[in-house]
Each structure stands twice: as structure tokens, then as C-alpha cells.
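In order, the protein sequences belong to chains X and L.
Heads up: the first sequence is residues 1 to 869, going by the working numbering.
Heads up: the second sequence is residues 1 to 113, going by the working numbering.
If you are wondering where the hints come from, they were derived from the structure by calculation, not from laboratory data.
Be careful, since some hints might not be right.
[Claimed, not checked] Stretch-level coverage of chain L by chain X, calculated; a stretch enters the list once three of its residues show a Cβ under 8 angstroms from a Cβ in chain X:
| # | segment |
| --- | --- |
| 1 | 26-35 |
| 2 | 85-97 |
| 3 | 100-106 |
[To be verified] If the Cβ cut is set under 10 angstroms, some of the chain X residues that face chain L in the computed set are:
| # | residue |
| --- | --- |
| 4 | PHE26 |
| 5 | ASP29 |
| 6 | ARG33 |
| 7 | ALA51 |
| 8 | GLU53 |
| 9 | ALA54 |
| 10 | GLY154 |
In this text, all values refer to a predicted model and were calculated from it rather than measured experimentally.
Ideal placement from N, C-alpha and C gives every residue a C-beta, glycine not left out.
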Amino acid sequence: MSWINRFIAVFRSTRLDAELNEELQFHLDSRSRDGMSPAEARRALGGYDRAIEASRDADRIRWVESASRDLRYALRTLRANPLFTLTAVFSLALGIGGNAAVFTLLRISLWKPLPVRHPEQIVQLVRKTAESDSDGSYSYVVFRQIRDAARRFGDVAATAGFGLRRFGTDGTSSERIIGEAVSGNYFSLLAVDPVLGRLIGPEDDRATGGNAVVVLSYRFWSRRFQADPSVIGRAVWYRESPYTVIGVASKGFAGVEAETEVDVWGPISAEVPKEWLVGPHYNWLRLLGRVRPGVNLAAMQGVLDSVFRMHMARDVLPRVLEPHRSAVAKHRLVVRRASSGIATTGRRYREPLLVLFGVVALVLLISCANVANLILARHAARAREFAVRMALGAGRMRITMQLLAESLLLAATGAAVGVVVAIPACRLLVSLLPQSTPPVAYQLQPDAVVFAFTATLAAVTAVLFGVAPALGATKIAWTSGTRATWRPRLGRVLVAGQLSVSVLLLIGAGLFLGTLRNIQAVDLGFHPRRLTTFNVSFPKGTPQVRARQSFVAIRESLERAPGIEGVTYSWPGLFTSGGWSTPVEREDGPAAPGNQEEVGALSVGPNFFAIAGMELLQGRYPTERETNPPVALINEKLSHHLFGAESPVGHRIRLPQNQSELREIIGVVRDANHYDVRGTSWKMVYLPGDREGSFLVRSGGDQAQTFTTIRDAVAAAGASAQIEKLGTVDDLILGTLGRERLVAALSTIFGVLATLLAVIGLYGVLAYSVSRRTAEMGIRMALGAQPSHVRRLVLGETATMLAAGIGTGLVVAGAATRLVSTLLYGIKPIDASVFAGAAAILGATAVLAAYLPARRASRIDPMVALRHE
Amino acid sequence: MGKSKHKNDRLQGTLDLLVLRTLSSRGRMHGYAITLHIEQISQDALHLEEGSLYPALRRMTQAGWLRDDWGASENNRRARYYSITAAGRKQLAEEEKNWTELTEAVSRVLQFA
Numbered sequence: 001m002s003w004i005n006r007f008i009a010v011f012r013s014t015r016l017d018a019e020l021n022e023e024l025q026f027h028l029d030s031r032s033r034d035g036m037s038p039a040e041a042r043r044a045l046g047g048y049d050r051a052i053e054a055s056r057d058a059d060r061i062r063w064v065e066s067a068s069r070d071l072r073y074a075l076r077t078l079r080a081n082p083l084f085t086l087t088a089v090f091s092l093a094l095g096i097g098g099n100a101a102v103f104t105l106l107r108i109s110l111w112k113p114l115p116v117r118h119p120e121q122i123v124q125l126v127r128k129t130a131e132s133d134s135d136g137s138y139s140y141v142v143f144r145q146i147r148d149a150a151r152r153f154g155d156v157a158a159t160a161g162f163g164l165r166r167f168g169t170d171g172t173s174s175e176r177i178i179g180e181a182v183s184g185n186y187f188s189l190l191a192v193d194p195v196l197g198r199l200i201g202p203e204d205d206r207a208t209g210g211n212a213v214v215v216l217s218y219r220f221w222s223r224r225f226q227a228d229p230s231v232i233g234r235a236v237w238y239r240e241s242p243y244t245v246i247g248v249a250s251k252g253f254a255g256v257e258a259e260t261e262v263d264v265w266g267p268i269s270a271e272v273p274k275e276w277l278v279g280p281h282y283n284w285l286r287l288l289g290r291v292r293p294g295v296n297l298a299a300m301q302g303v304l305d306s307v308f309r310m311h312m313a314r315d316v317l318p319r320v321l322e323p324h325r326s327a328v329a330k331h332r333l334v335v336r337r338a339s340s341g342i343a344t345t346g347r348r349y350r351e352p353l354l355v356l357f358g359v360v361a362l363v364l365l366i367s368c369a370n371v372a373n374l375i376l377a378r379h380a381a382r383a384r385e386f387a388v389r390m391a392l393g394a395g396r397m398r399i400t401m402q403l404l405a406e407s408l409l410l411a412a413t414g415a416a417v418g419v420v421v422a423i424p425a426c427r428l429l430v431s432l433l434p435q436s437t438p439p440v441a442y443q444l445q446p447d448a449v450v451f452a453f454t455a456t457l458a459a460v461t462a463v464l465f466g467v468a469p470a471l472g473a474t475k476i477a478w479t480s481g482t483r484a485t486w487r488p489r490l491g492r493v494l495v496a497g498q499l500s501v502s503v504l505l506l507i508g509a510g511l512f513l514g515t516l517r518n519i520q521a522v523d524l525g526f527h528p529r530r531l532t533t534f535n536v537s538f539p540k541g542t543p544q545v546r547a548r549q550s551f552v553a554i555r556e557s558l559e560r561a562p563g564i565e566g567v568t569y570s571w572p573g574l575f576t577s578g579g580w581s582t583p584v585e586r587e588d589g590p591a592a593p594g595n596q597e598e599v600g601a602l603s604v605g606p607n608f609f610a611i612a613g614m615e616l617l618q619g620r621y622p623t624e625r626e627t628n629p630p631v632a633l634i635n636e637k638l639s640h641h642l643f644g645a646e647s648p649v650g651h652r653i654r655l656p657q658n659q660s661e662l663r664e665i666i667g668v669v670r671d672a673n674h675y676d677v678r679g680t681s682w683k684m685v686y687l688p689g690d691r692e693g694s695f696l697v698r699s700g701g702d703q704a705q706t707f708t709t710i711r712d713a714v715a716a717a718g719a720s721a722q723i724e725k726l727g728t729v730d731d732l733i734l735g736t737l738g739r740e741r742l743v744a745a746l747s748t749i750f751g752v753l754a755t756l757l758a759v760i761g762l763y764g765v766l767a768y769s770v771s772r773r774t775a776e777m778g779i780r781m782a783l784g785a786q787p788s789h790v791r792r793l794v795l796g797e798t799a800t801m802l803a804a805g806i807g808t809g810l811v812v813a814g815a816a817t818r819l820v821s822t823l824l825y826g827i828k829p830i831d832a833s834v835f836a837g838a839a840a841i842l843g844a845t846a847v848l849a850a851y852l853p854a855r856r857a858s859r860i861d862p863m864v865a866l867r868h869e
Numbered sequence: 001m002g003k004s005k006h007k008n009d010r011l012q013g014t015l016d017l018l019v020l021r022t023l024s025s026r027g028r029m030h031g032y033a034i035t036l037h038i039e040q041i042s043q044d045a046l047h048l049e050e051g052s053l054y055p056a057l058r059r060m061t062q063a064g065w066l067r068d069d070w071g072a073s074e075n076n077r078r079a080r081y082y083s084i085t086a087a088g089r090k091q092l093a094e095e096e097k098n099w100t101e102l103t104e105a106v107s108r109v110l111q112f113a
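So here's chain X without its partners, still in its complex pose:
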């Protein structure tokens, strides 16, 4: 391929030139050896230089050569101005890096195809629930029916989702790994191959019970067994039972959720009790499908949804009570494309991530404007260089190209630095996501797509900040010859633009911070400060009595421990994802329809109300272990609902789904929210009892000391009790605010950053303008202008830019903030104080930045200034 050779030749030009010279010199020397005079020999050659030039052209491509020469020249120019180069590269790295980071996260959490064959054929069969924004799960019974009905479209497999599981090889199971239970056709549906042995097949997963076999992920096999092939057939302990390792899945495959790397797969029917396989009320499976090419998804959804709803109507709904029934009756089966897998976390944070993507794009725009301004200022200083070169015959195109080469080089360097910082930035983003079990663990590696994105971004930015100044530069030189003057009109427009984007971002930050503040200020009805919670679990098969003893022992030893003010427990725990809701009715029968409405229920241990800090409004707290005769406390809302203005104390209620025994109401507590900060508090019933759930510890002093005390107490209790989910209630609450915190933190960071960049841009333009106008200022002063007058001149220039920038920003924000209204809480998209605050902050910062150049202008010594040129 000759053009490739010629292309390569461009980069070896020094050597090639030397070779050509040597070849022609040899020719001339040979001529004179054969008796020709040197002059004659040169004439015969028809011009030495022409021959060189023509041979050189034959050897390489001319435009590539000039491009490479431009790049080398640009490199030299940039190296000669390190301050300019560093500022520009820093600006661009920030902008490009931020974009690369958010793009990487979006790609990995939402867009990256699963490492399986034909990922575009993979779909998820989502159970859409009306009650919550999270998807529901399916029972094993309905899975079999859906699977049978789906045969003509493709195949459907089930996964039970994953969790931390116990694992071991020496008869104990002390290690915690991530396990996933899958249906027998899971691997064949995904078209994942074994590296070793075989994968779970239909014969391992039968409705009558499955085989106790496990498949290891490639990474787990490498990490835990050092990729030992003899692991096949080995017995391991998994979930407290002996299992046999049958194979290792293909390298790179780690389950269908990007945020979790599965270590071990087992057959679903082997992992669960029998009744889960036959009861239509046990919902624990998520369904994935592979559709044949050309299948109409809408038709498939229609068929499967009707199968699902028929099953619900026949086998499930008759046993569900009102008003739950009407909600469950609205459940639908939806077929969704899932080439990137289930992407739970990605879908949950999709909206904030897209907002963030917009924010970083705006920051990049500001970076571009900043660099364009820097370049403009530099071009003004180089106007003479351009004019001279054009006078000597350089084409306008050549100079423009050469300036663009500089831009490209800057952008490429910025992008390179940006990619390097993108991955740590991405990690930071992920660490801001709320804690979950198992923790979110994305494989954050930039891939070809990320690199391509960044490269494109670099090219686009180079054009954005490079073209206008480059064209402007030659225009200056063209029109005004060697006496170039600098008219910073473009610069001013750019600064105004930067200021308006900054206002927009500051307003966003203000709104999101306000949202976070509003949510955190919500009165929960109890005091979460200094409350620590944890669960205790026992190995399977521990006798109930033994577990009970340990539980009591832990409680008693904690009560005696120094620094602990109180110990109690509740079931379910506070701010955990699971809740318990149950219908409640008055003893004297359902007086009014709706009396049976679902209310939240909490089984609480001794002193729960005092320890949680809940206020008693009527009646009394239960005494220690008051369970017989059965009593209950209710909150204001439920009291009002069941008894209106009447005092409920002394009345009796019944929980028809739970033993139906009558309970006497002994007290009313203030409304409290134990589930979700954003929601309104539920109607609640509190049942004093000894049902073991999550411990709740109020402590006085140091939090770390409290954790140690708790760990020691659990370790001392014996029966191989294991501590789980140890943490403060405050952290649990914060965990539920992950989205708000993420958005608030990032919008603030980027708002401040954008303001900083814009103000630097403003300062740059003013400082440059002042230094270019030194002579003018000097003359004004010499003619009697006061320093204050000169100062006003510069500040006036600022005021115009500020007014234009902030004005535009406010108008744009007025329209744009509506786009994020779903992310706001307790604050309107157009909040006067936030808008005013953002404008004030930016205005004050900008005036501060303008003051320095203004003061310098006012201190110009007329004599020095006049000698300036």
C-alpha cells in the first residue's frame, strides 16, 4: 500500500531527506569522476533542488507532512508558554474528564451490553407494580406458566437475585460471598459457556427439588481456588449445606447486573424450601428472556401479560385482602429490552445521572469559552507574527490550519489528562451512591467506547474553542496590517456566556441543596441521633432455644456495658427496606367501610418508645415485657382514623390477619415515620412483644466505642452468633437519601467550579484589556481623568458583561429548572430566594475579580504609559 508507506515516510522525513541527498550527490560525483565538470553535471540533472523536491513528493503525502509540521510547531509554541498551556489543559481536563466520568458511569450502569452472545435479544419480564417505583418479583409457579407460554417467542429464565451467602471448603462456612440462584435454563438462555466442567442445566433444577451443585465465576475460581482445575467435583459448603462444584463459567461473565459480581450460582430449586416452589404467594424471582430475531415484543407482552393476569385472578387475588387486592390487581407484566442486563442501580439513578451529564456538559462549555478567551488574548499578542507571515506569502488557510493544530493539541492533551482523572472521579461518584447489600461494585474500566467518546469530545471542543479565534486571528492580520489592535468583542460575549451558565448551575445547586435541607429537616417523630442498630444471625440448624438465649444474653450484656443508655429491639427494623403492614379493626366491628385499611405495624421490645425518643400523647408506655393481656399503642393518625375525636385508650382493636386476638390500646404516640423520610408518616400500630428483630441501642459517647462494645457483646454471646448490618440509624436514613445527596453534592461542586472558571475568564479578559489599553488609559489620565473615573470605566465594562450574563442565565434557568422538578422536595423550580442568591453570589465574585484590573488601570502612570508603545 503505497499511501501507507508515504504516510509513514512523513514521520521519517529527516532520514529520507538525507538519503535523497546522498543518492543525488553520488550521481553528481560519479559524473565528475567520468569527466564531467560539477556545473555541467548539475545542469544535466536539471536542477538539484527540483529533483530533491520532486523525489520527496513521490515519497510522502504533502498535506500530512504540513499537518505534522504544524503539530510540531504547535508543540514548540505551547511549550514556550507553559502558563497558558497549563491553564488551558487544566480547564479542558476538568471539562472533558467530568464528561468522561459521567459517561463511563452511564455506560457501565445502563448501556454496556452483557458479555453474552447476541445481547440485543435479551429482554426482562418486568412485573410493574402500582405501589412503588421498584419492580416486583414472580412466584416459581407463575414462572413455569410464563415460560411455557413464551416458547413460541423464545425462552424465559429465572434468577432469584443475589445476596451475601456463606461459603467454605473445610466443613465450615465462614466466608461471605455473593451467590445467585438461577433456573436450569439460565446459562443456556444467556449462551454462556463453561471454561471448565459444565454449567447448571435443566436436570439440576426440577420442581421436585434441585441438585446441590454450584457453578463458580471465573474471577472467583481464580481468586479463591487459584484457577485450580481439580476443583470440579469437589464438595464445598454453601448456605450451610454440602454442594458439589460442577463447573466454571466463561471469563468475563459475572451475572446479569453490572453493579454486582456474582461469585457462585446454584439452581433455584436447590436453594429454597419446598413451599416456595409450589405456593403462588412466594414472589422471589426475576425473569429474563431471549427472543428469537424478528419477534414482535408488543405481541409477546400481550400474550405473557394475559397469562400472568389470568394466573393472578385465579390463584392469587382471591386470597389477597382489600385494599391490597385492588393494588395487586393492577400489576402488569411488561417486556423490556435488557441488552445491558437488569441494571437496577443504573435505572434507579438514571435521572440524576442524566441531569449530571447535562451539568458536566455545561461545565465543558465554560471550559471551552475559557480556553477560547485565553487563545484570543494570545492571538492578539501574536497579531504581528501573523501579519508578517501573511505579508511573506503564507496563505490565510495555512495560518488558520496551524492555529487549529494548536487547539487540537491542547484538546488532545486535555482529553488525555481527563481520561486519567475520569476513573477516580467515577469511583467517587459510585461511592456517593447509597450503601446497599451486597454493595454496588461496578467494574470501572474505560473501554473502547469510552475512549472513542472522549476522543470525539476532544475534537468537538477543539473546534468549539479553536475555530472562531483562529479565523479572527487572520482577520486581524489581514485588515489592520502590522498595527493590530485588539477588539475583545468575542471575548466579552464568551465571558457573558460563561457567567450565564454559572448562574444556571448555581441555581441548580441552590435548588438541590434546598431539597436536601428540606428532607433532612423533616420531623421524623423520633430521635435518630446516637441510635445504633444491628441484626444477629445464627447458623442454620441452631436450636430456637439456643438462639433465644444468645439474643437475651446480648441484650443483657449491652445493658450493663458502659456508655450504653438503653437497649431494645423492633421487628421490622427502622428504615430497612422490608415493612410489615396489616389491617386493623375496632373491637366493635367494622363500623364504617375502610375500617380495615392497612396500617404499618411494628413489634417493639421493652422501653422502645423511650429509647427511640417518641413522645407519648395519651395513656401510658407499656411496662417491661407487657404482653399478657395483649396490649397495643397506636399513633395519632390511626387514632383519628379509628376513633375520630374520641380517646382510644381503653378501647380494644384486632388485627384480623394476626391471631385476631383483641388488644387493648394503652397509649397514643405522636406520628413518626420509620420507613422513608420523603413519605408522609403512616398510620401505625405498635405491638409490645418479644419478637426478635433488629437491635436498637442508644449510646452516650463515642460511636466507634459503641460499635466495639456491640461487637464484643455479640462475640461473647456464643452459639456462633454473627453480627449483621451494624450501623447508626442516622446513616440508614442518609442511605435512603442517596439520590438527593448525590445530586446536591455534585451540583454544588460543579456550580462552584463553573463559577470559578467563569470568574477566571472574566479576570483574564479584563486584565488583558487593561494591559492592551495602557496607552489609552495613560492619555486619559494625562488629560485629567481621575483614577476613580478610570476605575469606573473598567468596572462599567464588567457591569455590562455581568448584566447580560446573569440576565440570560436567569431567563434560561426559569425555563430549565422545570426539567428537574421531579428531583426537588419542598421547593418550587422557580424559587425567588435561590435565583436571587445565585445572582448575588456570582455578582459579588465577579466584582471582586474585576476590582484588581480596575485598580491596576487607575494606577497607571501616564508617563510610563505613554512610553509604552
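Since the structure of chain X is already known, use the hints to place chain L on it.
Frame of chain X; chain L shown alone:
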């Protein structure tokens, strides 16, 4: 490589033909030797434009018809030697065919016009 075949450029084609023919019959030669050889064979009837020989050699090397390497000349100086490649021989056959057709056509015109 269709683009490198210069179908219409007779003059250049002629130079290529002479160089390829020379290298095909005489083997590996340096530029100066090629110049001398062509002058000698044509008995100075074809006066080679020496300045265009070297660009032509570079061009034909890039096109893959020639291979170049450095070696010692008769008087022990470093010189660039050229030899013909398989692709060059194919090109030579093509050029010879074109040339024969052209000269036959021209002589027919001269005879019968």
C-alpha cells in the same frame, strides 16, 4: 493500485518502461548506472532527463514495482541500488504491450494514411 498506472501519461510511461526493462534484464543497479545504461543502449538517441529519473525511481519504489537497498558501488561508495519486483515485472509486461500496440498503430497510420 490502478491509480499508479499512468495510462495516459505517455512520457512518464516511457521512462518507467525503460527503467523497468533495464532492471529486468540487467538486475540490481544504482541510479547513475541506470542513466548510463539507457544512454548507451539508445546510443544517445534518447537523452534522459536525469532530474526526472530519481523522482520516477522513488515513485516506482513506493508503488511496489522496485525494491531499493543500500550497497557499495564499484568504487566503494555507499549507493542506493534498485531491483525489479514481481509486481514490477507484471507492470513491465503491461507497459511493453501498450507500447507495442501504440507503435504498431502509429506505423500503420504512417503506412496507410
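Here is how each hint holds up against the structure:
1. Counting residues of the segment 26-35 of chain L whose beta carbon lies closer than 8 angstroms to any beta carbon of chain X gives 4, which meets the minimum of three for the stated coverage.
2. Closer than 8 angstroms: that is the beta-carbon criterion, and the segment 85-97 of chain L has 0 residues meeting it against chain X, so the requirement of 3 is violated.
3. Counting residues of the segment 100-106 of chain L whose beta carbon lies closer than 8 angstroms to any beta carbon of chain X gives 0, which falls below the threshold of three, so the coverage claim is violated.
4. At its closest, the beta carbon of X:PHE26 sits 5 angstroms from a beta carbon of chain L; the interface hint therefore holds under the 10 angstroms criterion.
5. Restraint check, X:ASP29 versus chain L: the minimum CB separation of about 7 angstroms is within 10 angstroms; hint holds.
6. Interface restraint check: X:ARG33 against chain L, minimum CB-CB distance 7 angstroms, threshold 10 angstroms, status holds.
7. Using the Cβ-Cβ criterion of 10 angstroms, the hint placing X:ALA51 at the interface with chain L is satisfied: the shortest such distance is roughly 4 angstroms.
8. A hinted interface residue such as X:GLU53 counts as satisfied when its beta carbon comes closer than 10 angstroms to some beta carbon of chain L; here the least separation is about 9 angstroms, so the hint holds.
9. Interface hint at X:ALA54: satisfied, since its Cβ lies 4 angstroms from the closest Cβ of chain L, which is below the 10 angstroms cut-off.
10. Interface restraint check: X:GLY154 against chain L, minimum CB-CB distance 49 angstroms, threshold 10 angstroms, status violated.
In the structure shown, a violation is registered for the earlier hints numbered 2, 3, 10, in ascending order.
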